[in-house]
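Novice: Below, each chain spelled out in residue letters.
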Amino acid sequence: MDFSVVNRVLPRKPSSNSLGLRGSYADPIRNIDWILLSAVIAQVIIGLFTVFSATRQRLLDQNMDVFVYVQRQVFFVIIAAAVMAVVMSLGHDWLRAQSGFLYGGVLLLLIMVLGAGAVTGGARLAFDFGPFSVQPAELAKPVLLILVSSYLSESVPDKIDWHHFVMTLYIVLIPCGLILMQPDLGSASVILAGVAGVLYIGNARRRYLALIGGMFVATALGLMVAVPSLRYQGDRFVAWFLQNSNNKNLEKIVLQVRYAKRAVSTGGFFGKGYLHGPLTNGKYVPVQFTDFPFSAIGEQFGMIGGAVVLGIFGVILWRIWRTAQMARDRFSFFLASGAFTMVVWQVFQNIGMTLGVTPVSGLPLPFISYGGSHLISSAILIGLVQSIHMRRL
Amino acid sequence: MPPNNQSRRLLSLGIVALVLMGTLTARMWFLQAVKAETNEQIVLSVRTRTIRLYPERGRIFDVKGRVVADNKRVLTATIDRQVIRDPEDRLLMFQRLSGPLQISVEGLFKRYEDKRFGPLEALPLKEDISEETAQFLVERSEDYPGIYIREDWKRNYPFGAIGSHVIGYMGAILEKNLAYYRSIGYDPNERVGGYGVEQSYETILRGTPGYVRYEVNAQGKLLRLEERVEPIVGNDIVLSVDMEMQQFAEQALETQLAMRRRVEAGIIKLEDGTPDPAHPEPMYYKAPAGSVVMVNQDNGQVLAMASYPRFDSRWFTAGVSTEKFAQVFPKSDDPDLSILVNRAVSGRYNLGSSFKPFVAYAALDAGQLPGGAEYKYQDLGSYKLESIPNGRCQDGVKCVFRNAICASTGSPCQYGPVNVESALAVSSDAFFYKIGEQILTERGYQPILENEVRKFGFGSPTNIDLPYEYAGTIPNKALKKRMADIGAISKESGKAYYVGDQILFSIGQGLLSATPIQVASAYGVLGNGGNVMQPHVVKAVLAPGTPDIKPGVADISFMNIPGSSQVVERFDDEAPTNTLDMTGDRRDPIVRGLQRVIRGPGVNFGSYHKTTGELLFRGYPYAELPIAGKTGTAQGLGNLPWNDSSAFGAFSLSPRSEYKYSAFAYLEKSGYGSQAAAPVVKCMYVALAGKYRFDPINAADPLNTNSSLAAQPTYLRNPSCLVSGRSESRD
Chain W
1 MDFSVVNRVL PRKPSSNSLG LRGSYADPIR NIDWILLSAV IAQVIIGLFT VFSATRQRLL
61 DQNMDVFVYV QRQVFFVIIA AAVMAVVMSL GHDWLRAQSG FLYGGVLLLL IMVLGAGAVT
121 GGARLAFDFG PFSVQPAELA KPVLLILVSS YLSESVPDKI DWHHFVMTLY IVLIPCGLIL
181 MQPDLGSASV ILAGVAGVLY IGNARRRYLA LIGGMFVATA LGLMVAVPSL RYQGDRFVAW
241 FLQNSNNKNL EKIVLQVRYA KRAVSTGGFF GKGYLHGPLT NGKYVPVQFT DFPFSAIGEQ
301 FGMIGGAVVL GIFGVILWRI WRTAQMARDR FSFFLASGAF TMVVWQVFQN IGMTLGVTPV
361 SGLPLPFISY GGSHLISSAI LIGLVQSIHM RRL
Chain Z
1 MPPNNQSRRL LSLGIVALVL MGTLTARMWF LQAVKAETNE QIVLSVRTRT IRLYPERGRI
61 FDVKGRVVAD NKRVLTATID RQVIRDPEDR LLMFQRLSGP LQISVEGLFK RYEDKRFGPL
121 EALPLKEDIS EETAQFLVER SEDYPGIYIR EDWKRNYPFG AIGSHVIGYM GAILEKNLAY
181 YRSIGYDPNE RVGGYGVEQS YETILRGTPG YVRYEVNAQG KLLRLEERVE PIVGNDIVLS
241 VDMEMQQFAE QALETQLAMR RRVEAGIIKL EDGTPDPAHP EPMYYKAPAG SVVMVNQDNG
301 QVLAMASYPR FDSRWFTAGV STEKFAQVFP KSDDPDLSIL VNRAVSGRYN LGSSFKPFVA
361 YAALDAGQLP GGAEYKYQDL GSYKLESIPN GRCQDGVKCV FRNAICASTG SPCQYGPVNV
421 ESALAVSSDA FFYKIGEQIL TERGYQPILE NEVRKFGFGS PTNIDLPYEY AGTIPNKALK
481 KRMADIGAIS KESGKAYYVG DQILFSIGQG LLSATPIQVA SAYGVLGNGG NVMQPHVVKA
541 VLAPGTPDIK PGVADISFMN IPGSSQVVER FDDEAPTNTL DMTGDRRDPI VRGLQRVIRG
601 PGVNFGSYHK TTGELLFRGY PYAELPIAGK TGTAQGLGNL PWNDSSAFGA FSLSPRSEYK
661 YSAFAYLEKS GYGSQAAAPV VKCMYVALAG KYRFDPINAA DPLNTNSSLA AQPTYLRNPS
721 CLVSGRSESR D
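Going down the list, the protein sequences come from chains W and Z. Using the numbering used here, you'd call the opening residue of the first sequence number 1 and step up by one each time. Using the numbering used here, you'd call the opening residue of the second sequence number 1 and step up by one each time.
Warning: the hint list may mix true and false statements.
[What the hints assert, rightly or not] Here are the computed distance ranges between Cβ atoms for each label pair:
hint: 1; chain 1: W; residue 1: Gln98; chain 2: Z; residue 2: Arg85; range: 48 to 56 Å
hint: 2; chain 1: Z; residue 1: Phe136; chain 2: W; residue 2: Ile304; range: 41 to 49 Å
hint: 3; chain 1: W; residue 1: Val308; chain 2: Z; residue 2: Glu88; range: 37 to 45 Å
hint: 4; chain 1: W; residue 1: Val74; chain 2: Z; residue 2: Glu151; range: 18 to 26 Å
hint: 5; chain 1: W; residue 1: Val66; chain 2: Z; residue 2: Glu88; range: 26 to 34 Å
hint: 6; chain 1: W; residue 1: Val66; chain 2: Z; residue 2: Gly210; range: 55 to 63 Å
[Unchecked claim] Below, computed lysine-lysine pairings styled on DSSO-like, alpha-carbon distance capped at 27 Å:
hint: 7; chain 1: Z; residue 1: Lys115; chain 2: Z; residue 2: Lys72
hint: 8; chain 1: Z; residue 1: Lys110; chain 2: Z; residue 2: Lys331
hint: 9; chain 1: W; residue 1: Lys272; chain 2: Z; residue 2: Lys221
hint: 10; chain 1: W; residue 1: Lys248; chain 2: Z; residue 2: Lys477
hint: 11; chain 1: Z; residue 1: Lys481; chain 2: Z; residue 2: Lys491
hint: 12; chain 1: Z; residue 1: Lys376; chain 2: Z; residue 2: Lys398
hint: 13; chain 1: Z; residue 1: Lys126; chain 2: Z; residue 2: Lys110
hint: 14; chain 1: Z; residue 1: Lys72; chain 2: Z; residue 2: Lys550
hint: 15; chain 1: W; residue 1: Lys248; chain 2: Z; residue 2: Lys110
hint: 16; chain 1: Z; residue 1: Lys495; chain 2: Z; residue 2: Lys398
hint: 17; chain 1: Z; residue 1: Lys221; chain 2: W; residue 2: Lys283
hint: 18; chain 1: Z; residue 1: Lys384; chain 2: Z; residue 2: Lys398
hint: 19; chain 1: Z; residue 1: Lys115; chain 2: Z; residue 2: Lys331
hint: 20; chain 1: Z; residue 1: Lys398; chain 2: Z; residue 2: Lys477
hint: 21; chain 1: Z; residue 1: Lys115; chain 2: Z; residue 2: Lys176
hint: 22; chain 1: Z; residue 1: Lys64; chain 2: Z; residue 2: Lys481
hint: 23; chain 1: W; residue 1: Lys283; chain 2: Z; residue 2: Lys35
hint: 24; chain 1: Z; residue 1: Lys550; chain 2: Z; residue 2: Lys154
hint: 25; chain 1: Z; residue 1: Lys455; chain 2: Z; residue 2: Lys481
hint: 26; chain 1: Z; residue 1: Lys115; chain 2: Z; residue 2: Lys126
hint: 27; chain 1: Z; residue 1: Lys398; chain 2: Z; residue 2: Lys481
hint: 28; chain 1: Z; residue 1: Lys115; chain 2: W; residue 2: Lys248
hint: 29; chain 1: Z; residue 1: Lys491; chain 2: W; residue 2: Lys252
hint: 30; chain 1: Z; residue 1: Lys110; chain 2: W; residue 2: Lys252
hint: 31; chain 1: W; residue 1: Lys283; chain 2: W; residue 2: Lys272
hint: 32; chain 1: Z; residue 1: Lys691; chain 2: W; residue 2: Lys272
hint: 33; chain 1: W; residue 1: Lys252; chain 2: Z; residue 2: Lys221
hint: 34; chain 1: Z; residue 1: Lys269; chain 2: Z; residue 2: Lys398
hint: 35; chain 1: Z; residue 1: Lys72; chain 2: Z; residue 2: Lys126
hint: 36; chain 1: W; residue 1: Lys248; chain 2: Z; residue 2: Lys35
Derived by calculation from the structure, the hints in this document are not laboratory data. Note that CB positions come from ideal geometry on N, CA and C, so glycine has one too.
Construct all of the structure, not just a fragment, from the sequences and the given hints.
Specialist: Structure, rendered in structure tokens:
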């Protein structure tokens, strides 16, 4: 189908505030996906409560204000909301026009963080600004998705040709390589999930997908073997296979996952009740509020709480998928599909590692985990999806 | 709308997403529905710490209320093993703890690796820390996570070595008993009674442990108290033993043994009168060990029970090194040296002539003697078996058994016509040889003698409330077979029970063996007129928490109130376990004979033959406390004089209840019955009659852990009661 025809038949106003167009069914403001927005807001609120419960005891023990992390998270949410509003109002087409510039900026930041980033746990992931830190890898997720969607949408109709595929590899591999050097296997995998989603939707040959997947795995494995500081990432895989191992080297990872699983498990059907989770209160799961929030939800709210959270993610994914289906043009279609696979991957990977289904990685749980960078990154993704939804007609 | 092909791909992407979300849901369901119960149990054990609260062990008092086993409250610093799982954390923690606890870091590591401390229990770092140290650690719980100060009790024995064989000591649970103690709810690290009353009344003394359960965080820090169940203090116990008498018995025994070691046992002469070249040097008595018991003959309550060598119970709680302990309590195959044996209940002793009263009873009760007590036998120094034809005697079968040698003549004593009474008084072997043979051969080889002496309790345990009691043995066919099977006697000898065995049996030699408590009880049966009482070293089990009159003395005046609720169980009013027929002329001739052992007269045959105790008991306050007794000399290895062990049993003839005690002493390799054992028993009765001023019972000096003696020696201040007259015969 030729999208240009549609565009000519239904001219679209970028703004609806004048000329009596307000009220038109094509008015973007009237086409906000309120269900998606409500679902995201619900997850964010659940996230705030989860972060509070997972940090309260630790702060109490340190004689600090118990609301420190929640206050910061509220602050992040406000910023993320603003960013989302900006993305929605400017629209994904505008961002598409800036994607080359944004890509350059992200590359610069990724290079800078390798030199000037704060070291946490042997990795340089973020710029440190006192109470806040900024992770460039999180910003790279939506930016790369826009650029790749944009570039591939210019490929020959109905399929991805070899030339576009190879160019996409170049576009992706440079920032991914930089992210792997941090090292942040998780963020790189999210980008890859998005790009793979776009390629798949773009009707790329399956061998292209196999190639890009294979390259990623080979690179990751090669780096793990070659660079000693990346061994820890490898240990996470080993620990995933040997979840009952008593090996001293794996002990920390094994215990972390074991307690996360136990926390979820002991929640049972109804949960232990809010702020009454013994393992959460006992600080048994390291970095619970950033990496294992689902264990706190599972312990305190049980299967009911877990099902609600999974259900809301289901709603979010359904709305993104529906938006992709309704997308006006090829770029929008690619963009929404890429956002879909990114969110699916992050949710599956994060909750999966909490339940011992997938290996441990530093991926946050979208909308729920504590952290500004990933909230903003997720807000941009949702903003893009909303923009596609708003401007689908 | 996207093109068809792409739309199809979007659909499959959605399906993939559904599958992934479905996977998570299924996994979540599995964890929360299927595994929830299991994990709940695991988490409960992980996130809580249960710390046992040990009850104060019941105290032990002597019959007068003196506290002989007490408890001291001690604080023990323990650390949660979770906190020191990581080797780096462990090192850091030990370095930090080394100062306040005043143990080297190496010492702490040694404890960490010590297998005695179970892997599931908090690791005890140091016992008996001061209140200040405990306070210091508790106040800085942030710096010392996982530290818990446990309140323990340490057993204390104020009188040290006095009565230690009876009281016992505390020790770790032995490997072989672990399963048993586990099954009744003990912790493998618990200390339990390892000997004496501490062992036999372990579960009564122990009380019921309580516990505290704390919620802890991942760092092992105690968050809050979940539950506290207070321990229940153990029951107190009153011994039947009087510490004054006990101390006296130990002093008399040790003094006598020490004196016997300075006595020459004599030189062996060959038949031509020249000294035996195999033993050219005069030998001294070794007198390595011995035992004396005094039991209430009416109710079986043990007044004193001494065993030598002694030990101090405090060695077991002194915390000395294994090497030091092995030095104090050396492992040895020589039974003479074993310290941790209460010879009064575990000694396997030949009784010699001290067994004769029971053979006499057997003969009288079975009607073996024509004319009973009046029956006379002409003792001319030897007895020739009547049941074996002369022909076989000439073929080398031993048919002639002789009396002991009389010092005055140098040949077997000849006592002339003796009846039961006088045969006992002078200890005529020939008389008893005859009884022994005839009670077998004239009764169709039935085990009548065995059955008769079994009535007194020989051959089976008395069931005294002390561990490791030996049952004793009575010679019979089964025993001989068993002995031959284990190689103690020759296969040839093990084939049958011969008349020769019976002859030895009838004078308390051969395969007969008994423990001092058995013999003392058996003498008690003669004394009380036929009632077999089960001996007890414990008078009563009391309710927990008996108050003190003054430090070191408990108020047990309620013992005299019948049916006092503070007395849980008492053992001094038990019914006899068996009753013997002592009517007619069954008992009286024996009592008269044993009285003559003490007071004389002996018999006139050729010359005057004194009884075995006549000289010794001269000056004994017989009017105050009349007694009857019998000496015995058990022949030892090679029938050499220095291997003779000395035995003496006695009972009271006094009608006064405070004097109704039987006694038995056995001094190994110390000489004739009248030389070594009889003086000790005599002293016991002199003291019982109030004719000896006891040393005060004082709390023992602190245990000297530099010493290599298991117990400091203890001697009679005034040993005059031991002074012995000469005796003419080896009996």
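Novice: For every hint, state whether the structure bears it out.
Specialist: The hints, checked one at a time:
One distance hint, 48 to 56 Å for the beta-carbon pair Gln98 of chain W and Arg85 of chain Z, holds here, with the actual separation near 53 Å. In this structure the hint that Phe136 of chain Z and Ile304 of chain W lie 41 to 49 Å apart at CB holds, the actual value being about 48 Å. Between Val308 of chain W and Glu88 of chain Z the beta carbon distance is about 42 Å. The supplied range of 37 to 45 Å therefore holds. Under the hint 18 to 26 Å, the C-beta atoms of Val74 of chain W and Glu151 of chain Z, about 49 Å apart, miss the expected range.
A hinted range of 26 to 34 Å holds for the C-beta pair Val66 of chain W and Glu88 of chain Z, which are about 31 Å apart. Restraint check, Val66 of chain W to Gly210 of chain Z: a C-beta distance of roughly 35 Å breaks the suggested window 55 to 63 Å. Of the pairs offered as hints, the one joining Lys115 of chain Z and Lys72 of chain Z holds, with about 26 Å between alpha carbons and a cut-off of 27 Å not exceeded. Proposed proximity of Lys110 of chain Z and Lys331 of chain Z is supported: the alpha carbons are some 26 Å apart, at most 27 Å.
For the hint pairing Lys272 of chain W with Lys221 of chain Z, the CA-to-CA distance comes to about 21 Å; that is within 27 Å, so the pair holds. Note on Lys248 of chain W and Lys477 of chain Z: the hinted pairing is violated, with a Cα-Cα distance of about 66 Å set against a maximum of 27 Å. Straight-line distance between C-alpha atoms of Lys481 of chain Z and Lys491 of chain Z comes to about 8 Å, which keeps the hinted pair within the 27 Å bound. Taking the CA atoms of Lys376 of chain Z and Lys398 of chain Z, the gap is near 25 Å; set against the 27 Å cutoff, the hint holds.
Between Lys126 of chain Z and Lys110 of chain Z the alpha-carbon distance is near 12 Å, which keeps this suggested pair within the 27 Å criterion. A threshold of 27 Å between alpha carbons decides the hint, and for Lys72 of chain Z with Lys550 of chain Z the separation of about 17 Å falls inside it, so the pair holds. Our distance criterion of 27 Å between C-alpha atoms is met by Lys248 of chain W and Lys110 of chain Z, whose separation comes to about 21 Å. Between Lys495 of chain Z and Lys398 of chain Z the alpha-carbon distance is near 17 Å, which keeps this suggested pair within the 27 Å criterion.
For a cut-off of 27 Å, the pair hint linking Lys221 of chain Z to Lys283 of chain W stands: about 11 Å separates their Cα positions. Using a Cα cut-off of 27 Å, the hinted pair Lys384 of chain Z and Lys398 of chain Z holds, with the two alpha carbons roughly 9 Å apart. Between Lys115 of chain Z and Lys331 of chain Z the alpha-carbon distance is near 23 Å, which keeps this suggested pair within the 27 Å criterion. Proximity of Lys398 of chain Z to Lys477 of chain Z is assessed by CA-CA distance (about 19 Å); at most 27 Å being required, the pair is judged to hold.
Annotation: proposed proximity of Lys115 of chain Z to Lys176 of chain Z holds, straight-line Cα distance about 16 Å (limit 27 Å). Between Lys64 of chain Z and Lys481 of chain Z the CA atoms are separated by roughly 48 Å; this puts the pair beyond 27 Å, and the hint is violated. Of the supplied pair hints, the one linking Lys283 of chain W and Lys35 of chain Z holds, its CA atoms being roughly 22 Å apart against a limit of 27 Å. This hinted pair checks out: Lys550 of chain Z and Lys154 of chain Z have alpha carbons roughly 21 Å apart, not beyond 27 Å.
Simply put, Lys455 of chain Z and Lys481 of chain Z have alpha-carbon atoms about 23 Å apart, close enough for the 27 Å limit, and the pair holds. Using a Cα cut-off of 27 Å, the hinted pair Lys115 of chain Z and Lys126 of chain Z holds, with the two alpha carbons roughly 16 Å apart. Only pairs whose Cα atoms come within 27 Å are accepted, and Lys398 of chain Z paired with Lys481 of chain Z is accepted, the gap being roughly 21 Å. Using a Cα cut-off of 27 Å, the hinted pair Lys115 of chain Z and Lys248 of chain W holds, with the two alpha carbons roughly 21 Å apart.
Restraint check: the Cα-Cα separation between Lys491 of chain Z and Lys252 of chain W comes to about 70 Å, which exceeds 27 Å; the hinted pair is violated. For the suggested pair Lys110 of chain Z and Lys252 of chain W, the alpha carbons sit about 26 Å apart, so the restraint of at most 27 Å is met. For the proposed pair Lys283 of chain W and Lys272 of chain W, the alpha carbon gap of about 15 Å is at most 27 Å, so the pair holds. Among the hinted pairs, Lys691 of chain Z with Lys272 of chain W is inconsistent with the structure: their alpha-carbon atoms are about 79 Å apart, more than 27 Å.
Using a Cα cut-off of 27 Å, the hinted pair Lys252 of chain W and Lys221 of chain Z holds, with the two alpha carbons roughly 19 Å apart. For the hint linking Lys269 of chain Z to Lys398 of chain Z, the alpha-carbon distance of about 22 Å falls within 27 Å, and the restraint holds. Pair hint Lys72 of chain Z plus Lys126 of chain Z holds up; C-alpha atoms about 16 Å apart against a cutoff of 27 Å. Under the criterion of a C-alpha separation no larger than 27 Å, the hint pairing Lys248 of chain W with Lys35 of chain Z is consistent with the structure, at around 26 Å.
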